[in-house]
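> Sequence:
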Amino acid sequence: MNKKAPAGNLARPNPLPGCPMAAAFAAVGGKWKLTLVYWLAHGESHFAGLRRRGAPITAKVLAEQLRELEADGLVERVVTGPVPAPVIYRLTEYGTSVLPVVESVRVWGEEHLRRSRGGVAVSEAMSCVYPVG
Numbered sequence: 001m002n003k004k005a006p007a008g009n010l011a012r013p014n015p016l017p018g019c020p021m022a023a024a025f026a027a028v029g030g031k032w033k034l035t036l037v038y039w040l041a042h043g044e045s046h047f048a049g050l051r052r053r054g055a056p057i058t059a060k061v062l063a064e065q066l067r068e069l070e071a072d073g074l075v076e077r078v079v080t081g082p083v084p085a086p087v088i089y090r091l092t093e094y095g096t097s098v099l100p101v102v103e104s105v106r107v108w109g110e111e112h113l114r115r116s117r118g119g120v121a122v123s124e125a126m127s128c129v130y131p132v133g
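In terms of the numbering used here, the sequence shown is residues 1 to 133.
Since the hints were made in silico from the structure, they are not lab data.
Please note that a few of the clues may not be correct.
[Claimed, not checked] Derived Cβ-Cβ restraints for the label pairs, each shown as a range:
#1 Val87 to Gly30: 14 to 22 Å
#2 Pro131 to Phe25: 17 to 25 Å
#3 Pro86 to Arg117: 35 to 43 Å
Virtual Cβ for every residue (Gly too), placed ideally from N, Cα, C.
With these hints in hand, go ahead and build the complete structure from the sequences.
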């Protein structure tokens, strides 16, 4: 990450121009992006709330993933007032278009856990067991 980068989130280039799979993975292919979209599908949240819910995610990685989701138009950042007011994150209308993909991945993941580990371990903080609308 370039600390001298201009303010704002500019659209990121597609690593393989003209390839829809590359575009999709660039938008939602980060380690935590699908999980963040899943959580935001169940309601908007402030940064600290997402940080608490995703305990193993460092604040730096969480901020990077949210910035990238925002740059791709999937998430919007809403400033609620002057600092230290919380910043709210929520899915954009465009962001909701990826929810069928998120749900398909979640369902596949449940089956994969059953097959590979004999069951689905439910962690309340990291829980992704509820279907997306």
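> Would you list, in rising numerical order, the hints stated earlier that this structure does not obey?
No hint contradicted; all consistent.
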